[in-house]
Amino acid sequence: MDGLNIPLSHILLVSSLLFAVGMLGLMMRRNIIFILMSLEVMLNSTALAFVAAGAHWGQPDGQIVFMLILSVAAAEVAVGLGLVLQIQRRFKSLDMDNANRMQG
Amino acid sequence: MLEISLFYIAATVALVATILAMTRANAIHALIYLIVSLLAVAVIFFLIGAPFAAALEIVIYAGAIMVLFVFVIMMLNLGEEGDAREKQWLSPAVWAGPTLLAVILFAELLYIISSVEGPVSTAQVTAKQVGLTLFGPYVLAVEIASMLLLAGLVGSYHLGRRALDRNIHEADARALSESNSNSTSDSNADKGAQ
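Chains as they are written, first to last, in this note's numbering: chain D, 128 to 231; chain G, 320 to 513.
Hints were generated in silico from the structure; no laboratory data involved.
Check each hint, because a few of them may be wrong.
[Said to hold, decoys possible] Derived DEER-like restraints, expressed as beta-carbon distance ranges:
#1 LEU325(G) x ALA226(D): 40 to 48 Å
#2 ASP402(G) x ASN225(D): 12 to 20 Å
#3 ARG217(D) x ALA442(G): 33 to 41 Å
#4 ALA421(G) x GLY185(D): 28 to 36 Å
#5 PHE218(D) x ALA494(G): 17 to 25 Å
#6 SER220(D) x PHE454(G): 39 to 47 Å
#7 ILE347(G) x LYS219(D): 17 to 25 Å
#8 ASN225(D) x ILE432(G): 33 to 41 Å
#9 SER220(D) x ALA415(G): 23 to 31 Å
#10 PHE218(D) x LEU321(G): 37 to 45 Å
#11 GLU462(G) x LYS219(D): 37 to 45 Å
#12 MET223(D) x GLY450(G): 35 to 43 Å
[To be verified] Derived contacts from chain D toward chain G, CB cut-off under 10 Å, selection only:
#13 PRO134
#14 VAL141
#15 ALA174
#16 GLY189
#17 LEU221
[Said to hold, decoys possible] Quick look at which bits of chain D chain G covers, simulated, 3 or more residues with Cβ under 8 Å:
#18 175 to 185
#19 204 to 217
Since the model is a prediction, treat every value here as computed from it, not as a measurement.
Note that the Cβ used here is the ideal one computed from N, Cα and C, for glycine as well.
Whenever a hint applies, use it, and build me the whole structure from the sequences.
Printed below as a string of structure tokens:
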């Protein structure tokens, strides 16, 4: 892979575009499964920015932050999907607008 | 030149797949596009000299986390009416406004990013370097991540177990009342069990 000269700004551009798409998905979807997917996209795009920055300076720190983001995403998805099961069972729907009252 | 175009192809695939994933009505179709997007990001990781991150991206993101999504979508059993409802929710009037405002902010972000200069390093950051740094200066972060994963494990076990227990109890109670009254057909009992 020697001789590759990808500009850092272009990778950051891709990363920010992915983040923007994820955030738009977060805002325009009401299905909780799509909201969780959008969160995954956003976490993944920040991980891409970290790895790109680590590669820019030739340091392993970027990949370490990537691994920490990975564990955050795994924990978040496990709890989030548990909540999805509860919401589907209680409201018979995945519309988040149903769950706007925390009356238990 | 060919190698650089590989990066742009992978980036385009990632973006298109993510946009398609965010706009699908069917959750499984969206999930397939999302997996393609994650694989494209893994290709980018390979190209910028982070092979370990690329392997983790495929194994954990595209493998484990997406499989969790697939399992939950299969358990929910959404079907055709769910698709119709999603299409109804996805009218342009809902997202046109936020998109326009976000595009303005994004233009500002692009202006800032365009001032960043210099290529990424061509040298690979190997798994050995990552491991040495991870268990050296970052060992506290590893501990915190393990606590976070433990909390996630306990939390998801708690939430999922209560859902399953109650479903079983409800199905049992419904089956009992139906067998007592003897007035309902078997198909209702099947629906209740689901």
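Verification of the supplied hints:
1. LEU325(G) x ALA226(D): 40 to 48 Å: Given range 40 to 48 Å: holds, Cβ gap about 44 Å.
2. ASP402(G) x ASN225(D): 12 to 20 Å: For ASP402(G) and ASN225(D) the Cβ distance comes to about 18 Å; the hint holds.
3. ARG217(D) x ALA442(G): 33 to 41 Å: 53 Å, violated
4. ALA421(G) x GLY185(D): 28 to 36 Å: 34 Å, holds
5. PHE218(D) x ALA494(G): 17 to 25 Å: 23 Å, holds
6. SER220(D) x PHE454(G): 39 to 47 Å: Holds, since SER220(D) and PHE454(G) (Cβ atoms, about 46 Å apart) stay within the stated range.
7. ILE347(G) x LYS219(D): 17 to 25 Å: 20 Å, holds
8. ASN225(D) x ILE432(G): 33 to 41 Å: 39 Å, holds
9. SER220(D) x ALA415(G): 23 to 31 Å: 25 Å, holds
10. PHE218(D) x LEU321(G): 37 to 45 Å: 53 Å, violated
11. GLU462(G) x LYS219(D): 37 to 45 Å: 41 Å, holds
12. MET223(D) x GLY450(G): 35 to 43 Å: 40 Å, holds
13. PRO134: With a closest approach of 6 Å, the PRO134(D) hint holds.
14. VAL141: 4 Å, holds
15. ALA174: With a minimum Cβ separation of about 8 Å from chain G (threshold 10 Å), the hint on ALA174(D) holds.
16. GLY189: With a closest approach of 7 Å, the GLY189(D) hint holds.
17. LEU221: 7 Å, holds
18. 175 to 185: holds (count 8)
19. 204 to 217: holds (count 11)
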